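> Using the sequences plus the hints, can you model the full thing?
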Amino acid sequence: MAGGQVEKRVKYKSSVKDPGTPGFLRIREGMLLFVPNDPKSDSKLKVLTQNIKSQKNTKEGSNKPPWLNLTNKLGKSHIFEFENYPDMHACRDFITKALAKCEEEPNKSAVSTSSEQLSIKELELRFKLLRENSELQRLHKQFVESKVLTEDEFWATRKKLLGKDSIRKSKQQVGLKSMMVSGIKPSTDGRTNRVTFNLTPEIIFQIFAEKPAVRQAFINYVPSKMTEKDFWTKYFRAEYLYSTKNTAVAAAEAAEDEELAVFLKPDEILARETRQKIRRVDPTLDMEADQGDDYTHLMDHGIQRDGTMDVVEPQNDQFKRSLLQDLNRHAAVVLEGRSIDVESEDTRIVAEALTRVKQVSKADGETTKDANLERLERMSRLAGMEDLQAPQNFPLAPLSIKDPRDYFESQQGNVLNVPRGAKGLKRNVHEAYGLLKESILEIRATGLSDPLIRPEVSFEVFSSLTRTISTAKNIIGKNPRESFLDRLPKSTKDEVLHHWTSIQELLRHFWSSYPITTTYLHTKVMLLQFPNLPIPEFAIYIDS
Amino acid sequence: MIFKIEDVTVYFPYDNIYPEQYEYMVELKRALDAKGHCLLEMPTGTGKTIALLSLITSYRLSRPDSPIKLVYCTRTVHEMEKTLGELKLLHDYQVRHLGTQAKILAIGLSSRKNLCVNTKVLAAENRDSVDAACRKRTASWVRALSTENPNVELCDYFENYEKAADNALLPPGVYTLEDLRAFGKNRGWCPYFLARHMVQFANVIVYSYQYLLDPKVAGIISKELQKESVVVFDEAHNIDNVCIEALSVSVRRVTLEGANRNLNKIRQEIDRFKATDAGRLRAEYNRLVEGLALRGDLSGSDQWLANPALPHDILKEAVPGNIRRAEHFVHVLRRLLQYLGVRLDTENVEKESPVSFVSSLNSQAGIEQKTLKFCYDRLQSLMLTLEITDTDEFLPIQTVCDFATLVGTYARGFSIIIEPYDERMPHIPDPILQLSCHDASLAIKPVFDRFQSVVITSGTLSPIDLYPRLLSFTPVVSRSFKMSMTRDCICPMVLTRGSDQLPVSTKFDMRSDPGVVRNYGKLLVEMVSIVPDGVVCFFVSYSYMDGIIATWNETGILKEIMQQKLVFIETQDVVETTLALDNYRRACDCGRGAVFFSVARGKVAEGIDFDRHYGRLVVMYGVPFQYTLSKILRARLEYLHDTFQIKEGDFLTFDALRQAAQCVGRVIRSKADYGMMIFADKRYSRHDKRSKLPGWILSHLRDAHLNLSTDMAIHIAREFLRKMAQPYDKAGTMGRKTLLTQEDLEKMAETGVQDMAY
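Read top to bottom, the protein sequences are chains A and B. Each residue of the first sequence is one higher than the last, beginning at 1 in UniProt numbering. Each residue of the second sequence is one higher than the last, beginning at 1 in UniProt numbering.
Derived from the structure by calculation, the hints contain no laboratory data.
In silico DSSO-like cross-links for lysine-lysine, where the CA-CA straight-line distance does not exceed 30 Å:
| # | chain 1 | residue 1 | chain 2 | residue 2 |
| --- | --- | --- | --- | --- |
| 1 | B | K559 | A | K265 |
| 2 | B | K136 | A | K277 |
| 3 | B | K120 | A | K358 |
| 4 | B | K274 | B | K136 |
| 5 | B | K559 | A | K177 |
| 6 | B | K507 | B | K631 |
| 7 | B | K35 | B | K482 |
| 8 | B | K351 | B | K370 |
| 9 | B | K185 | B | K163 |
| 10 | A | K265 | B | K120 |
| 11 | B | K559 | A | K229 |
| 12 | B | K120 | A | K277 |
| 13 | A | K13 | A | K76 |
| 14 | B | K559 | A | K493 |
| 15 | A | K76 | A | K121 |
| 16 | B | K522 | A | K177 |
Computed from a predicted structure; not experimentally measured.
And the structure:
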């Protein structure tokens, strides 16, 4: 066993049923070699240790022969049958040690092997990504070239980008806005009675998705019976009638104008869809089943007017539609998401595509038994109590955030230890600003020193900055268009964002190093703690 | 795990058990041993149902010589499905450990609407028309007719089931409604009649309250259950309301009009029979003379609703002579309708006792009390004789006869209230004559008398001493269990002010104050931005919810909420609400997050769980008091005061708080779960209101959380959520065991230590 090498007489089996090829197994640190007795045999094998994922072996005392089963990272297994158990144990121990060693220095081996194995293609892909994404390039420059992170670490967290299907997958469909369409307010010019509606393809899509009857009417009427403009005028006329809640007028107008009536009548297609969906609903939620069950709801039986059930004006009027229904419908459509992949300005194409999708999904609903089965399975899973039994492991869905910058303002200062109240906050900001000013003055007076700025000062500036960002929302008000960032000059804004992404990058690496099990990780963490970030010059703007 | 409670070996399908579940089983076993009734309150989220099921089935296994039957009553069909789901899990476990001897037959039972598999029948709109469509194909005379006339349409499923006769049995197992339907479809047997037939053989029956409490239904479905049954009412905090509902009937204008039409139809049928088959009417008359109201054994398919009066109040006598003839009976009913019509024409609210109502009916319309009492029986007999199958058409006359029978039978515990319009909408004339029952003990009495053990259990039965009084029974065991906490996984708060320090309340004079509405809105806007996944809001009534949402929509608050979460709302349309709930769950599942607006006392509050990520926060807007000006409520309060010395205010507060507790209590399901509850009304900070909340909520309601403003609540919520995100030791810390293993239980049995650290 000397010299870090073991050699044993074994039989190699590529599968359990394989009778096996007799030969020698030679294990060295870093690799594993099988040489068959018969030189002509093609079952010669070479496995690198770092490619071994796990090993299993038969137990001594069981009737089975001494087998060692190695699984490599591709999921393929190699079985070796030894002559006796001690042989097998010797080998197993050796591989265990080798594996441990291998893990300890993934850096060394990974770098050496991966750079060996890195195909030209992959390198090209990396370059391409860096070229295309200036932000990534900046990060790469900052961390890799300053040796905070190694090349591989940097790319390890971006495996998805490098993945083969990344190009196809990255085209994530954008969901729908959760804003209600009925929220579009017309603009008036103030002098005449004219109102103007601004329709965007987005809004049209939402109207079509939420109101299949309107979609159908569009397909039927435009352009054969009326122009698109007339169509929408009529539609908004109908909406206006709804909003006045004057059902008598609505009824009268509907009687006169049959096209207008289409918009005012209850949506037939919707009702049909509803009937279909209700059959597929989770039985533990199905309140409709109750209605069919409990006999106190026999007409006029039970207590009618004791004030538990309250009265709402009769809803059966066909020209009445409640806000609540609209809200439910809207939320359902948003939840469904954008079901079509048509990016067309042509309204008709959109309408037709939507209709097609609906028909397909309807057909699906009728044929698939899977949905039903899944529903039952889900039910039985939910019947159990989670902490009384062994934990169930659900598959994880990858989180895919399109642009993390959208969440910039959600970062929060640690307000826990800080006394609350606006007063304290204000004082802090000014204090921080004062401190910074002082140190700038000091630098001016004495020149650069080491450290550049005292740690207390930079900490104070940082914490008040984050706090300002998180509270800025409250100060500015909730205008979604205007964010805190937009109030900064462009160069500062870029600086802030870049700084923010680099902190995130570092944090990601920092936390992924836990738990610290090897010395390698330890040095990495130490390195990450003091990344020597340039002190931001933009802090001066915070008091604006 | 398998452990012993005294002489019973309990099979429990999990590896661990909560201490309170164990305690619960011990108490339940005592009640079963004593063959008495019991009242058990245990917080939601402690696995009440599984503890109950596993003890009772294990008890049955340990006494093979006198097997008990379990009748499990739920309030809703979806709860029934949930219970059967848990039972399935338990049954699998028991069969795995004991083999075939542990096999049981458990069925869920519902109406034709939920069990029918005949597509033509199912095409009918509602329950009543499904019933009628079924009867049109299965009634005995229809089937007899079909032997002569092949064009008469029958139901193949029912025919196959009848052909199989006694061989039509369900093999042992646990059957949800879905399973029953699948089985029926597979074998070609009618699942509804099969299930009804299996009621007498099943070891466990799960159905809704009405099947035991409502004499109209119980008289058909549950009359053959043996005394050795354990009856469980789960989620029974509203059981008194179900009881009084079961015996209440009302009559409106449309009812009278419909009933008149029905009588015309009956009249025509009588004439037709006179011309073609006079013998039939004569035979009926003779039967009535002999004192048989109904032909002895009716086949299941001919049965319709049973007598609305309770079994022991039904006279076993011959039908009085003056209504034996069909025409005479029709005349009596006409007079009754006329009298009721006159009474409905009132301009003032009238309230009287059944006794005085009956006597004035006698003097003005010449209908005696005894005649009234037999109205139901006489109508049933007539409808069978006339071979009427479209029962849904004849509901109005049924209602009137039910009313007559009840008013003739009961002299006390009821009152008759006639209102010309609804108090809250005086501009819409809608006269109604209501016979309302005030005494919940009436309907449940036969159940207590008939079965050896009745278990009444729920998460909120506080104050626990009130229920025996309301239902007038003496429990052998009456206990309220606390919840052993691994960590403080619930966080109740009382919010009394908005951020602007203005008080919030749904008190009548404040509820429409724009400041209150805005503060309520702002609270939600802030909360949705910090609470993950699902948030549920309960309002005091539909009309209030309607109004507040409209205002929020106009002021843009709703838009702000929608930026964070999708909004789903309970409406009065059940189908729509169901779909909204389904979508809500989907939104929570996919991480989108959603808010659900719902109504206390509504259908959702009654039976839908918002556990785990489906509800991390519940906001109860206001105190859900009943509408106190309601005449019926007033009458009931009076009765309660006179009979049980229960004070008006006490009852109202008790009722409001049990609804509130019910709403917020649905957020947690197990101790691994967590959730916050916000009671947003300044009145909750008062001791007399708050103290009526169940103990397990009160014990977590810290003094510091009793008088919060919106920003304080946000702060607490943030901290709570952060704390809950930390990993914790499930088995409990610091010597307090909150999760017991089999070894723990064995150790306890050895040392005889019963009390666990709570």
